[in-house]
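S.K.: For reference, the chains in residue letters:
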Amino acid sequence: MADAAIFDVAVIGGGVVGAAVARGLLGAGLSACILDEGDIAHRASRGNFALVWVQSKGLGMARYGAWTRASSDAWAAFAADLEAETGIDVAHRRPGGFNLCLSEQELETRRGALVRMHNQPGWIPYDWEVLDRAALAREFPDLGPEVVGGLFCPLDGHVNSLRLFRALHASFKAGGGAYRPEWPVTRIAPLSAGGFRIETPRGVVEAGKVVLAAGIANARLAPMVGLAAPVRPQRGQILVTEKAAPFLHYPIVTLRQTDEGSVMMGDSAEEAGLDERIGLGVLSVMAERAVRMFPRIAALNVVRTWAALRVMSQDGFPIYDQSEAAPGAFIATCHSGVTLAAAHGRLLAPMIARGALDADLAPFSARRFDVPQTA
Amino acid sequence: MRRLTDVGALREAYDLVIVGAGPAGMAAAVEAAGQDRAVLVLDENPGPGGQIYRAIGTAPLRDPRVLGAAYWEGAALADAFAAAEVDYLPGATVWHLDDALEIGVSAGARSAVLPARRVILATGALERPMPLRGWTLPGVMSVGAGQALLKAQGIAPTGRVVLAGCGPLLWLYAAQCIAAGAAPSLILETTPRANWRGALRHLPAFLATPYARKGLALMARVRRHLRVVPHVAALAIDAEDGALRVTWAEGTAFTADHVLLHQGVVPTLNLARAAGCAIAWDEGNACFAPVTDAWGTASLPGIAVAGDGAGIAGAEAAALRGRLTALEALRALGVLDEAGRDARAAPHRAALARWSRGRAFLDALYRPAPHFCAAPPDAMACRCEEVTGAALRDAARMGATGPNQLKAFLRCGMGPCQGRMCGPTITETIAQERGIHPREVGYMRLRTPAKPITLGEFAALRKTEADRRAVERR
Chain A
1 MADAAIFDVA
11 VIGGGVVGAA
21 VARGLLGAGL
31 SACILDEGDI
41 AHRASRGNFA
51 LVWVQSKGLG
61 MARYGAWTRA
71 SSDAWAAFAA
81 DLEAETGIDV
91 AHRRPGGFNL
101 CLSEQELETR
111 RGALVRMHNQ
121 PGWIPYDWEV
131 LDRAALAREF
141 PDLGPEVVGG
151 LFCPLDGHVN
161 SLRLFRALHA
171 SFKAGGGAYR
181 PEWPVTRIAP
191 LSAGGFRIET
201 PRGVVEAGKV
211 VLAAGIANAR
221 LAPMVGLAAP
231 VRPQRGQILV
241 TEKAAPFLHY
251 PIVTLRQTDE
261 GSVMMGDSAE
271 EAGLDERIGL
281 GVLSVMAERA
291 VRMFPRIAAL
301 NVVRTWAALR
311 VMSQDGFPIY
321 DQSEAAPGAF
331 IATCHSGVTL
341 AAAHGRLLAP
351 MIARGALDAD
361 LAPFSARRFD
371 VPQTA
Chain B
1001 MRRLTDVGAL
1011 REAYDLVIVG
1021 AGPAGMAAAV
1031 EAAGQDRAVL
1041 VLDENPGPGG
1051 QIYRAIGTAP
1061 LRDPRVLGAA
1071 YWEGAALADA
1081 FAAAEVDYLP
1091 GATVWHLDDA
1101 LEIGVSAGAR
1111 SAVLPARRVI
1121 LATGALERPM
1131 PLRGWTLPGV
1141 MSVGAGQALL
1151 KAQGIAPTGR
1161 VVLAGCGPLL
1171 WLYAAQCIAA
1181 GAAPSLILET
1191 TPRANWRGAL
1201 RHLPAFLATP
1211 YARKGLALMA
1221 RVRRHLRVVP
1231 HVAALAIDAE
1241 DGALRVTWAE
1251 GTAFTADHVL
1261 LHQGVVPTLN
1271 LARAAGCAIA
1281 WDEGNACFAP
1291 VTDAWGTASL
1301 PGIAVAGDGA
1311 GIAGAEAAAL
1321 RGRLTALEAL
1331 RALGVLDEAG
1341 RDARAAPHRA
1351 ALARWSRGRA
1361 FLDALYRPAP
1371 HFCAAPPDAM
1381 ACRCEEVTGA
1391 ALRDAARMGA
1401 TGPNQLKAFL
1411 RCGMGPCQGR
1421 MCGPTITETI
1431 AQERGIHPRE
1441 VGYMRLRTPA
1451 KPITLGEFAA
1461 LRKTEADRRA
1471 VERR
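So the protein lines, in turn, are chains A and B. Just so you know, we're using my numbering here: the first sequence kicks off at 1 and counts up by one. Just so you know, we're using my numbering here: the second sequence kicks off at 1001 and counts up by one.
Since the hints were derived computationally from the structure, they do not count as laboratory data. We treat Cβ as the ideally placed atom computed from N, Cα and C, and that holds for glycine. Worth double-checking, as some hints may not be accurate.
To be verified - To give an idea of the interface, some chain B residues facing chain A are shown, with a C-beta separation under 10 Å as derived from the structure: (1) Val1113; (2) Asp1394; (3) Arg1397; (4) Gly1399; (5) Ala1400; (6) Phe1409; (7) Leu1410; (8) Gln1418; (9) Thr1454; (10) Gly1456; (11) Ala1460; (12) Ala1470; (13) Val1471.
What the hints assert, rightly or not - Facing chain B, from chain A, some residues (calculated, C-beta under 8 Å): (14) Leu162; (15) Lys173; (16) Arg304.
Between the sequences and the hints, there should be enough to build the whole structure, so can you do that?
M.R.: So, in structure tokens, the structure goes:
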């Protein structure tokens, strides 16, 4: 086997999280490689819904609300940088986003959750509002008769997530990064002199730092460097229609029209292990709710459905940590990799480059899951 | 046969569902009928026949010499199918199949999902794409599409017509057009000269077959009526003053009104793949095909693939393979024991061996040149999403090593055709760009719906309380 290639940092995982962090590390002046799996893998980045979403994030951890908000605020500049570097327009839009409710009970449940979220200690407030049917009808001329009301937050937006994925990789490559697909990591060994030796069936890499951004696989990799990533897969399903003339000018948390015209639906959550099969019943519920919101879309052809696996921690919040046992080993794992891409690239990556996470990321440490021993 | 008109007339469940009413599907139905088992045939055409016997009962060209004897031989099978005790729903789109043998079918803008105990996929073949520069221009179509027009509507192209590519269908179609009084102007034959080396050792077996003499006579007839340029190694089409300029060698071009392309057929993989059946590279046919055993049984229990959908072998072989899958289904359904199945299968197996002779020669001779299978930079590769060969190659260099990562990078294969028009092209283009075999590249994952249905139809499907909880989080 040839001598190991040596990098300042090796990022494990080439999805949106890994690519955003790796690109940020290049930007901080480090030499970086991404080690990725191949054509067939559990790839949350290929299955996501492409919202840059704020309004429902943070009940149970105020810091997550602020982190999400910070990413959302950084997104416009992040997208502009990407376009300047790669020529790829990731179609970031931030017109504000809606959550439409089909019953008074739904509206009350969701309104109540937002009130509780905004009343948390340490919450940094931002605007949101409850809209009645009449107010919604002014924004959505095609609104279905069963929509009773909804929630609106001006911070919400969306992107073209596949173009984001490609732009991140194009930028990483243009910046001199080494992308190694089909290099699935089998072993990470901390070296006595510092740094890490990372083994794959295709070859070995040595790096001063290592960032675990491998989604579900972080659960397997983290213990190799003294970290913990108690994450599990949670299945989400999506329907996509043929392209249609623009009619929906705002993202809705369960329904959006892409810049290319397709209508996407998807907000299911199932505990199904690694099973990535679709279920017609769940898809039908999503289709039915979408048609009740906008009856005109019933005539559109569905061209594609899929299921993908969200990366869920026990409380649903991200995990960011540096290993105490093996300093230089970092982990970044979350389920909203698109929303958080700007924070990962512009905020998290510089911390990793400096060698320490900021103190205000402490709430995201996996140590929060350690249950104190009782006598 | 009980002809149904809509999904409301379907039974709640069937013992055997056959998808496709071409030679394999019709023969499977005939073999499985009359055994006190509920058999359903679903087909997307308005009448039985599939591609090869398209419009067999309704073809406007009544002169049997135009479409030829091989076409009209389908009438006997269609008659037997009409007499078989099976349910038959034409105009039906099968858009879903899964490993629980649930079948999603749409007809007349309504969908039903019904369970089967056994499924036979007899969805046949489609033409291998030929992604040249200009193959998406108006006036360019596939030979198969041209032949469908000839069979169903009696329409042949007029004016200056070029046929380009390789394979038996190209020659058959030329002969049919000549018989219809619309001789094409020119055939640009792309069979590589080197193919003869591999084909020659199979020539004696081919010459002993019934179709060798017929085929050679047909080619001689075609050559008498039009010019044939052999061993064409480069080909591109450009729009020019309302016509099509076809260039095949430096400085050699012909101006045409219509160009029809063809380079053989490949199995339709969509339903088998969406269900999760394993596929493997078939070196003889130079394409991916579902993995099947001697009874056509696929890798998922209860699903079989019959006919060209399991690997290209022609109409007569398709019918025999349809019968074999039906006999195995009857065994699985408790109608036949193994000995009974094998006894009924014996004559079909013998006939299949006869019809398979000579196939190796055709496969070796008409194996398409790899450079006509990969998209050049200036050709459209994915027509739905308008992804060029250049974009595919750039993404492959950027690290999208296979078709599934390419979808994420470029959306290729994610449009309404569900990869039918681009799947082989994407695999071949990555293989060429990376310098590896298409087998190593693999094939794109295919999804439900195998063909588009409306959101309204999706919304009307049956749902459980658990389905609602997964979305509404109550």
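S.K.: Does each hint hold? Answer for all of them.
M.R.: Verification of the hints:
Hint status for valine 1113 of chain B relative to chain A: holds, with the closest Cβ pair at about 6 Å, below 10 Å. Among the interface hints, the one on aspartate 1394 of chain B holds; its C-beta lies about 9 Å from the nearest C-beta in chain A, closer than the 10 Å criterion. For arginine 1397 of chain B, the interface hint holds, since its Cβ comes within 10 Å of a Cβ in chain A; the closest pair sits about 9 Å apart. A distance limit of 10 Å between C-beta atoms decides the matter here; for glycine 1399 of chain B the minimum to chain A is near 4 Å, and the interface restraint holds.
Annotation: interface hint on alanine 1400 of chain B holds; nearest CB of chain A at approximately 8 Å, less than 10 Å. Annotation: interface hint on phenylalanine 1409 of chain B holds; nearest CB of chain A at approximately 5 Å, less than 10 Å. For leucine 1410 of chain B, the shortest C-beta to C-beta distance to chain A is roughly 7 Å, which falls under 10 Å, so the interface hint holds. Taking 10 Å as the C-beta cut-off, the interface hint given for glutamine 1418 of chain B holds, the closest approach to chain A being about 7 Å.
Using the Cβ-Cβ criterion of 10 Å, the hint placing threonine 1454 of chain B at the interface with chain A is satisfied: the shortest such distance is roughly 6 Å. For glycine 1456 of chain B, the interface hint holds, since its Cβ comes within 10 Å of a Cβ in chain A; the closest pair sits about 3 Å apart. For alanine 1460 of chain B, the shortest C-beta to C-beta distance to chain A is roughly 7 Å, which falls under 10 Å, so the interface hint holds. For the restraint placing alanine 1470 of chain B at the interface with chain A, the shortest Cβ-Cβ distance is roughly 5 Å, inside the 10 Å limit, so the hint holds.
The interface hint given for valine 1471 of chain B is met, as the beta carbon of that residue sits about 4 Å from the closest beta carbon of chain A, less than 10 Å. Hint status for leucine 162 of chain A: holds, given a least beta-carbon distance of 6 Å to chain B, under 8 Å. A hinted interface residue such as lysine 173 of chain A counts as satisfied when its beta carbon comes closer than 8 Å to some beta carbon of chain B; here the least separation is about 6 Å, so the hint holds. For arginine 304 of chain A, the interface hint holds, the least distance from its beta-carbon to any beta-carbon of chain B being 6 Å, beneath 8 Å.
When the structure is compared with the earlier hints, no violation turns up for any of them.
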